[in-house]
Every structure is written in structure tokens, then in C-alpha cells.
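Trainee: Each chain, written out:
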Amino acid sequence: MTKDVLVRYQSEDGEIKTEAFDIVALSTGSEPAAKAADLAGRLGIELNEWGFCKTEKFNPLQTTMPGIFVCGTFAGPKEISETLAEAAGAAAGALQFLSPVAGSLSPAPEYPPERSVSGEKPKVGVFVCSCGEEISKVVDLDQVVSHAQRLPDVAYVEKVAYACDPDTRKQIAGKMNELGLNRLVMAACSPRTHESMFQELLRQAGLNSNLVDIANLRDQCAWVHVDEPEMATLKGKDLTAMAVARARLLEPIETYVVEPKKSVLVIGGGATGMSSALAIAQEGFGVTLIEREAELGGNLRRLYSTAEGADPQQFLKELIREVESNDRITVMLNTELVKSTGSAGDFRSTVATMVAGNGGSTETEIEHGATVVATGAVESRPGKYGLGQDDKVITQQDLEAVIAQHSERIKSANSIVMIQCVQPEDQAEAYCSRVCCTAAVKNAIRIKELSPRTDVYVLYKDMMTYGFREQYYTEARRRGVVFVRYSDDRQPDVRLEAGKLRVVVEDPILGERMALQSDLLVLSTSIRPAETNTGLASVLSLPLSREGFFLEAHLKMRPTDFVAPGIFLAGMAHYPKFVDECLSQAAGVAAGVAGLLSKDQAKFRGEVATVDATKCAACLTCVRVCPFDVPFINAEGVAEVDPKKCQGCGTCSGECPAKAIRLFNYYDAQVLAKTKALAGQFVKIGEVAAIGE
Amino acid sequence: MENEAEKSPNGYEPKVVAFACQYCAYSAADLAGPTGLQYPANVRLVKLPCTGKLDVLYILDAFENGADAVFIAGCLDGNCHHVEGPLRAKRRLVLANKILNELGIGADRLGMYQMSGGESIRFVEAAREMTDRARQLGPSPLNQRKSAANE
Ligand SMILES: Cc1cc2nc3c(=O)[nH]c(=O)nc-3n(C[C@H](O)[C@H](O)[C@H](O)COP(=O)(O)OP(=O)(O)OC[C@H]3O[C@@H](n4cnc5c(N)ncnc54)[C@H](O)[C@@H]3O)c2cc1C
Numbered sequence: 001m002t003k004d005v006l007v008r009y010q011s012e013d014g015e016i017k018t019e020a021f022d023i024v025a026l027s028t029g030s031e032p033a034a035k036a037a038d039l040a041g042r043l044g045i046e047l048n049e050w051g052f053c054k055t056e057k058f059n060p061l062q063t064t065m066p067g068i069f070v071c072g073t074f075a076g077p078k079e080i081s082e083t084l085a086e087a088a089g090a091a092a093g094a095l096q097f098l099s100p101v102a103g104s105l106s107p108a109p110e111y112p113p114e115r116s117v118s119g120e121k122p123k124v125g126v127f128v129c130s131c132g133e134e135i136s137k138v139v140d141l142d143q144v145v146s147h148a149q150r151l152p153d154v155a156y157v158e159k160v161a162y163a164c165d166p167d168t169r170k171q172i173a174g175k176m177n178e179l180g181l182n183r184l185v186m187a188a189c190s191p192r193t194h195e196s197m198f199q200e201l202l203r204q205a206g207l208n209s210n211l212v213d214i215a216n217l218r219d220q221c222a223w224v225h226v227d228e229p230e231m232a233t234l235k236g237k238d239l240t241a242m243a244v245a246r247a248r249l250l251e252p253i254e255t256y257v258v259e260p261k262k263s264v265l266v267i268g269g270g271a272t273g274m275s276s277a278l279a280i281a282q283e284g285f286g287v288t289l290i291e292r293e294a295e296l297g298g299n300l301r302r303l304y305s306t307a308e309g310a311d312p313q314q315f316l317k318e319l320i321r322e323v324e325s326n327d328r329i330t331v332m333l334n335t336e337l338v339k340s341t342g343s344a345g346d347f348r349s350t351v352a353t354m355v356a357g358n359g360g361s362t363e364t365e366i367e368h369g370a371t372v373v374a375t376g377a378v379e380s381r382p383g384k385y386g387l388g389q390d391d392k393v394i395t396q397q398d399l400e401a402v403i404a405q406h407s408e409r410i411k412s413a414n415s416i417v418m419i420q421c422v423q424p425e426d427q428a429e430a431y432c433s434r435v436c437c438t439a440a441v442k443n444a445i446r447i448k449e450l451s452p453r454t455d456v457y458v459l460y461k462d463m464m465t466y467g468f469r470e471q472y473y474t475e476a477r478r479r480g481v482v483f484v485r486y487s488d489d490r491q492p493d494v495r496l497e498a499g500k501l502r503v504v505v506e507d508p509i510l511g512e513r514m515a516l517q518s519d520l521l522v523l524s525t526s527i528r529p530a531e532t533n534t535g536l537a538s539v540l541s542l543p544l545s546r547e548g549f550f551l552e553a554h555l556k557m558r559p560t561d562f563v564a565p566g567i568f569l570a571g572m573a574h575y576p577k578f579v580d581e582c583l584s585q586a587a588g589v590a591a592g593v594a595g596l597l598s599k600d601q602a603k604f605r606g607e608v609a610t611v612d613a614t615k616c617a618a619c620l621t622c623v624r625v626c627p628f629d630v631p632f633i634n635a636e637g638v639a640e641v642d643p644k645k646c647q648g649c650g651t652c653s654g655e656c657p658a659k660a661i662r663l664f665n666y667y668d669a670q671v672l673a674k675t676k677a678l679a680g681q682f683v684k685i686g687e688v689a690a691i692g693e
Numbered sequence: 001m002e003n004e005a006e007k008s009p010n011g012y013e014p015k016v017v018a019f020a021c022q023y024c025a026y027s028a029a030d031l032a033g034p035t036g037l038q039y040p041a042n043v044r045l046v047k048l049p050c051t052g053k054l055d056v057l058y059i060l061d062a063f064e065n066g067a068d069a070v071f072i073a074g075c076l077d078g079n080c081h082h083v084e085g086p087l088r089a090k091r092r093l094v095l096a097n098k099i100l101n102e103l104g105i106g107a108d109r110l111g112m113y114q115m116s117g118g119e120s121i122r123f124v125e126a127a128r129e130m131t132d133r134a135r136q137l138g139p140s141p142l143n144q145r146k147s148a149a150n151e
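Protein chains in written order, with our numbering: chain A, 1 to 693; chain B, 1 to 151.
Some hints here could point you the wrong way.
[Stated by the list, open to error] Cut-off 27 angstroms, straight-line C-alpha distance, at most; resulting in silico cross-link-like pairs (DSS-like, lysine-lysine):
id: 1; chain 1: A; residue 1: K645; chain 2: B; residue 2: K90
id: 2; chain 1: B; residue 1: K146; chain 2: A; residue 2: K684
id: 3; chain 1: A; residue 1: K659; chain 2: B; residue 2: K90
Honestly, the hints are just simulated from the structure, not real lab data.
When you get a sec, could you build the whole thing from the sequences and use the hints?
Mentor: This is the structure we're talking about:
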């Protein structure tokens with residue numbers, strides 16, 4: 001007898017099938033924690049009818065008790081990234097009450113005193129991370145380890161499973177100490193995402209944070225050479241050797257303390273941009289809010305009702321009033337970002353405002369400590385099913401306006417058909433626009449409220465009214481809305497016959513063709529990224545997803561951050577979502593901004609250019625080429641660079657004819673160490689000066 | 001040398017070195033995996049703070065140490081974090097091309113590509129194009145000379 005589980009089910013074509021499985025996993029629903037009711041009672045907060053925390057549509061993190069905020073699955077089933085955005089947002093909510101004392105109790109992390117390594121011979125510790133199996137399933141790490149053991153000045157090599165794990169980092173710091181290692185090489189993930197973590201590890205070990213180089217074995221090796229394990233292993237060895245070669249030559253860095261600019265640039269004046277501007281202003285920071293249209297509001301201007309019953313137009317009016325009357329917020333309409341330079345705490349941007357009438361524009365320079373991207377998304381208008389050709393074919397957003405402003409059109413209709421999941425032909429990536437199912441169900445109910453006799457058909461592929469929104473689907477059915485499924489290979493067929501719309505659809509469940517007369521055909525079309533995203537992403541050097549939305553730093557853990565410090569993301573610019581989800585993210589962003597700007601002093605690492613006065617001929621090349629006008633000829637008649645102003649690009653050092661300028665961390669010897677390592681060449685310490693430094 | 005033999009498991013496998021700006025190309029390369037892209041494992045990146053830091057010496061040194069092709073990957077014109085890094089890099093490439101031709105290595109082994117930090121596809125295209133080119137051109141003359149000397 002096998003211990004298989006037999007599952008009997010009915011397939012779509014009606015056949016009863018029995019299949020054997022080894023394991024059956026049940027996706028069960030989630031329910032409030034057992035003691036939720038207890039806790040709510042003690043806190044005096046109300047629960048909703050399912051026993052989850054009660055919140056309002058346009059105030060999603062606020063419980064019914066002022067001063068108590070909620071986040072995560074206690075407010076409804078949701079996934080990790082939403083939970084984390086809400087957690088930050090709830091923290092921002094709490095901060096409103098605490099702003100006078102914020103930060104006063106948070107202790108600066110304590111590190112052991114920094115041990116000087118000057119005069120010591122390099123003693124490199126190499127830690128090879130398998131990242132679970134992310135790296136090791138492609139790259140043969142045993143080979144990398146034994147290769148590393150043979151490299152010059154390598155005193156210790158160890159394989160670890162997760163270098164980012166706090167305990168592992170502590171153990172690595174311990175090893176550094178125990179063995180007197182003075183350089184660290186992590187053969188792991190990308191320095192872009194994890195360098196600061198390993199720099200901190202060194203501080204824990206009592207070493208200067210700069211003495212680390214990272215071999216990017218995950219993002220630039222294992223993940224991109226999945227089908228070439230042998231070649232990937234060779235590359236992994238090379239990358240590790242290159243990192244060791246440079247690590248040997250690394251020097252301790254100085255940090256400079258700089259006051260961050262206490263103001264924020266918010267791009268996009270929709271619900272998300274406005275509400276994050278307000279929350280940031282409440283924290284005491286100045287905000288410049290730029291909107292490319294002539295009006296604030298974005299998609300909220302075209303939203304006339306919500307399934308939950310809250311009135312979006314009322315909310316919008318109040319939001320605009322609050323934003324416009326807030327002294328800390330400057331609103332600039334008809335305005336777009338054209339340039340942005342600098343780094344977290346100290347950005348300098350140029351925005352261009354269209355001048356009405358003459359087609360020209362004026363430019364304004366803005367200094368700011370942080371940037372928020374809230375550029376939203378748009379409902380697409382593909383030329384499908386007669387959209388744009390016949391005024392009886394409209395989109396879901398058009399329908400909102402018809403219901404709100406021309407209800408006679410609804411009342412006179414005998415039949416209204418909706419088609420879900422309408423994607424433009426040129427849309428490369430299929431994705432779910434998340435809000436359309438609920439929007440359709442909501443509008444179907446409104447139609448039935450206005451005109452119970454009107455037949456409403458919703459042609460769908462999959463109804464996704466997730467969370468508590470399921471109740472509206474049930475209600476729509478109760479009111480007689482008919483839901484008909486269609487499949488991708490049998491899309492509905494729409495014809496105009498004698499001035500009437502005829503929609504033919506084949507139900508894959510019943511296997512029947514239905515022909516529907518329709519007075520109004522409503523398309524739920526894909527919500528697409530804002531057209532200006534590509535340009536904006538390029539100005540800000542930010543990544544976009546394959547679908548063209550902005551791509552956050554980490555899909556789960558950092559939903560409202562970009563990898564670039566000081567730039568934040570919220571709302572539909574991230575992907576299509578409901579207003580309440582946008583508002584939670586907007587609040588989360590305000591917390592991120594406060595974390596960055598409320599520190600009175602931000603520390604900047606001195607990755608800056610320095611001039612060797614003995615070599616400088618005062619030829620003015622550096623003065624001429626620096627994009628930020630930093631170098632100047634000092635009283636001694638030689639060039640000088642102010643480390644607090646230097647942006648660390650190295651242009652001056654690349655151009656200096658006398659090679660009198662060098663850029664910290666990118667000394668020629670340090671860069672060349674990497675190329676030389678490719679051929680197994682390692683400079684002798686002490687001979688560095690011989691190759692041009 | 002043991003290293004050399006080890007590096008050619010199936011005949012000639014070109015070695016391609018990319019000098020990549022940390023703001024754009026390095027990030028574009030990082031994002032290739034998560035956006036479902038793959039590129040040849042022949043490519044090794046060296047991170048620069050900006051292509052404005054590029055030195056002709058770096059390119060020559062890469063060839064000297066076994067590269068069969070080299071490419072520079074920087075920001076789009078007008079979009080450099082440091083304003084005009086790629087413009088400066090392009091000017092330095094003119095000199096580098098001249099030297100490579102004079103040395104008999106050939107300027108066609110050197111390329112320059114521009115992309116934003118999110119355009120992993122552009123990085124992948126650059127990596128494929130330069131690897132293909134190195135395959136077509138065969139081992140760099142410097143490497144041919146070295147292996148001849150070794151025999
Ligand atoms: C068809 C449809 C139905 C919906 N139904 C519902 C519903 O029933 N319930 C619900 O809760 N939500 C619904 N939503 C979602 C809701 O509209 C959004 O969640 C919300 O309006 C998004 O706000 P936002 O600020 O993130 O983006 P947007 O509203 O898109 O605002 C972005 C703003 O940024 C501006 N902008 C864009 N690019 C730039 C730039 N480069 N520079 C300067 N400014 C720029 C735009 O002009 C716009 O004003 C629906 C959305 C759609 C499309």
C-alpha cells in the first residue's frame with residue numbers, strides 16, 4: 001500500500017479525475033490572532049466584523065482610538081512588503097506626537113575603539129558566502145575557497161551560509177579579532193546592497209570600516225551564469241582574487257560630518273505625493289511638491305466612489321486644501337524634474353516649469369536632503385473592442401464619471417457589459433493591475449443601485465477582490481450581477497450591429513456561447529506606468545521593473561526605498577494599488593525621510609580627491625574639469641580640494657596631466673590591482689609607489 | 001602556467017573586462033539576474049565611481065594582463081551623476097583606440113556602452129556583443145604572443 005494522497009476533483013471540462021500526490025498543501029485563510037479581541041478590548045480599539053482591527057479607507061493606519069496605530073496582518077490579510085511599509089507608516093504616525101523629543105533616546109551604536117593598522121603587513125580574511133544555495137548551486141565554492149587559500153597575504157578562508165546574518169557577522173568580526181586579520185574580503189553579494197553592512201562589521205571588529213572589498217559572486221556571477229557553472233566557477237575565482245588584490249592595498253578612511261538639508265523634493269501630486277508631503281511637513285521639514293499637470297490629484301480626480309463607501313472627492317478636496325495651506329509645502333504645478341545631482345542629505349536639483357501660453361519654461365534650482373518618487377500610473381486606452389471609435393465603449397474610469405455625472409445614461413441602459421483584463425497589444429509583460437476587479441464590482445453595484453432593471457455582465461478571467469473586498473463581490477452577485485468567465489484563447493468578440501453592441505463570449509465552464517446585447521461596454525484596461533518614468537528614472541539613475549514601474553531596493557524587505565540612499569518610492573509609481581495602500585506607503589516614506597534627516601549630523605565617508613602638492617603644477621585643469629567647481633588654487637599656489645564638497649567622481653584625477661590628484665579608494669594601484677589579478681599578478685606591498693602613485 | 005590551462009576548459013574562452021560606473025552600469029549588471037537575464041561568464045567587472053575616472057592606463061593594463069576585449073560602461077549622456085563623466089571617457093577612448101591600433105591589438109577590441117542604472121538589458125547586450133566580438137577576433141595578439149612564448 002502506498003501512502004499517497006488521492007485527490008478527486010472536477011476539471012474545467014467537467015470530467016471527474018482522480019490523481020495521486022505525495023503531499024497536499026492546503027492554502028487556508030488567515031484569521032485574527034486568538035488574543036486579538038482581548039488586546040483590542042484592553043486598548044479600547046474597535047474590530048471589524050471579521051475580528052480584524054477596524055480602520056478607515058483614507059486613514060488606513062489609524063485605529064478607532066487616537067494615538068493608537070495599527071500595521072500588518074492585524075488590520076487584514078496581507079503580505080510582507082505591505083506589512084513593512086505599514087510598520088514604517090505607523091512609526092511615522094507615532095512620531096507626530098513625539099517630534100519634539102524624537103531621536104533623543106536612540107543610542108548611537110557602540111563600537112570598540114579603532115585599532116590602527118598602519119605599518120602592519122596585510123592579513124586578509126576571506127569569507128565565502130553560499131547565500132543559502134543562491135551562489136553555491138552555480139559556483140563551486142570549494143574551488144573558490146582553495147583558490148583563495150593560495151592568494152598572497154590571505155591568512156584565513158572560511159565558507160559561511162549567510163554572511164548577512166547578524167550572528168554570522170558577529171562570528172566573522174570575532175575571527176578578525178582572534179587572528180589579528182586586518183583586511184576583509186567578502187565573496188558574497190553586491191557591494192551596492194551590502195557594502196555598508198560589511199563596513200559596519202569591521203567597526204564591530206575594532207577596525208576601520210574601509211578595509212573591505214567584495215567579490216560580487218551572487219548578483220554578477222551565480223545569478224547571471226546559471227547555465228555555465230564551470231565558467232562561473234572560474235569567474236568566481238577571478239573575482240575573489242581581484243578583491244583580495246585590492247583589499248591588500250586599502251587604507252583606512254576618514255569620515256566627515258555634514259548637516260543634512262532639512263527639506264524634501266516630492267515628485268508627483270497625486271494622493272500619494274500629497275499625503276507624503278503633508279506627513280513630512282508635519283515632521284518639521286520643508287517640502288517642494290512638483291506636479292507635471294496643471295492640477296493636483298492625479299487618478300484621485302477620476303475616482304468618484306469607493307467600494308468601502310468613503311467619498312474620494314471629499315477626501316481629495318480636503319487633501320488639496322491642507323497641502324495648499326501648509327506653510328512648509330511649496331506646490332509647483334506644470335513642473336518636471338530635469339536634473340538631479342548630489343547624494344543623501346545633500347541633493348541639488350533643477351526643475352522646469354512650463355510657462356502658460358508661450359510654450360517656454362523657467363528653471364528653478366532646489367536644494368534638498370531627500371527625494372520622494374510618487375509619479376503614479378495611468379489607465380491605458382488600447383484601441384481594442386472599439387474603444388476610441390464608438391462612444392458606447394468606455395473605460396472603468398470613464399464609467400466612474402458617467403455614474404457620478406450622467407446617471408441618466410445608466411438608467412436608460414437595458415444592459416451593460418464589462419470586460420476585465422484588457423491589455424494593450426504592445427504591452428510586453430502580462431501583469432495584474434490589482435484594482436480593476438474591485439473597481440468593476442463596485443461600479444456594477446452602483447449601477448444596480450441606480451437602476452436595478454439594468455442587466456450587468458462582468459466578463460472576467462479571474463476575479464481577485466482580495467481581503468475584505470470579497471464582500472462586495474458577494475453583494476454584486478446578490479444584486480443579480482452576472483459573472484461570466486472567458487479564457488485567453490477565446491477572448492470576447494465585440495460587434496457593432498445596427499447601432500447596437502453585440503458581445504459574444506464563450507464560457508469555458510459551461511462550454512456555452514453567450515451573445516449579449518449591450519448599451520454600454522466598459523473595459524477594465526491595464527494600468528500602465530507613467531509615460532515620463534523612463535526619463536525620470538534616467539535623471540535620478542533609478543531602476544525600473546520590466547513592466548516600467550519603479551523598482552524598489554528589495555521586493556519584500558524594503559518596499560519604499562531605492563538602493564540609492566535618500567530616494568524613496570510610494571504609491572502607484574511602484575505598481576497599481578488601492579488608495580489606502582498608497583497612503584500607507586506615503587506614511588512609510590515619511591518615516592524613512594525622518595530617519596535620514598532628523599539626525600542633526602550625517603556622516604559622510606571621505607571617498608574624495610586629494611592633491612599631492614609636490615606634483616601640482618597649478619595648471620588649472622582640475623579647476624576647469626570639476627563638474628562641481630570644487631578645486632581651487634590655494635594660498636600656496638597649488639590646487640586644493642575641500643573634502644566636504646568633493647562628490648568623489650574622480651574626474652580631476654582622471655584628467656590631471658601631472659597625476660598629482662588621486663581619488664581615495666580608487667588609487668591607480670588599487671584599480672590596477674584588479675586587472676593584474678586577472679593574470680595572477682599581485683604587487684608587492686611597498687612597491688605600490690612604483691606604479692604611478 | 002597552471003592558471004592559463006585551467007581557464008580554457010573548452011578551447012579558447014575570451015576574457016572580457018568591463019570598467020563600469022557604480023551608478024549606472026554596475027547597477028544595471030546587478031539587476032540582470034532579478035529581471036530574468038543572463039550574460040556570458042567571460043565578463044569581469046571593475047567598478048569605477050564614474051567613467052570620468054577612467055584612465056587609458058587601466059585599459060592598456062587589462063590587455064597587458066590577458067583581456068581579449070575591454071569595454072567601458074557608463075551613464076547616458078546628459079544623465080551622469082557627475083554631469084559629464086561619459087563625455088570625458090569617450091575623449092579618452094580616442095587616445096586609447098589610437099594606442100591599441102599602434103600596438104597591433106586593434107581598437108575593435110575596445111567598446112563603450114551607455115545605459116541607465118535600471119537598463120540591465122543594455123548591459124547584457126554589451127556583455128554579449130563584446131564577448132562575441134572577442135570570439136570572432138580570436139585571442140588578443142598579446143595573449144597569442146604569450147602562449148607562443150610558453151610553448
Ligand atoms: C481604473 C482605476 C480604478 C481605480 N479604482 C479604485 C478604487 O475603486 N478604489 C481605490 O482605492 N483605488 C482605486 N484606484 C487606484 C487609485 O486611483 C490610486 O491608488 C491612487 O489615485 C494613486 O495615487 P498616486 O498618487 O500614487 O498616483 P497618481 O494618482 O497617478 O498620481 C501621480 C501624479 O504624479 C504626476 N506625475 C507623473 N509623472 C510625473 C513627473 N515625471 N513629474 C511630475 N509629476 C508627475 C501625475 O500627473 C499625477 O498627478 C483606481 C485606479 C484606476 C486607474
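Trainee: Each of the hints needs a verdict: does it hold here or not?
Mentor: Against the structure, the hints come out as follows:
1. A:K645 x B:K90: Between K645 of chain A and K90 of chain B the Cα gap is close to 26 angstroms, so the pair holds against 27 angstroms.
2. B:K146 x A:K684: Given pair K146 of chain B, K684 of chain A holds - Cα atoms ~23 angstroms apart, limit 27 angstroms.
3. A:K659 x B:K90: 19 angstroms, holds
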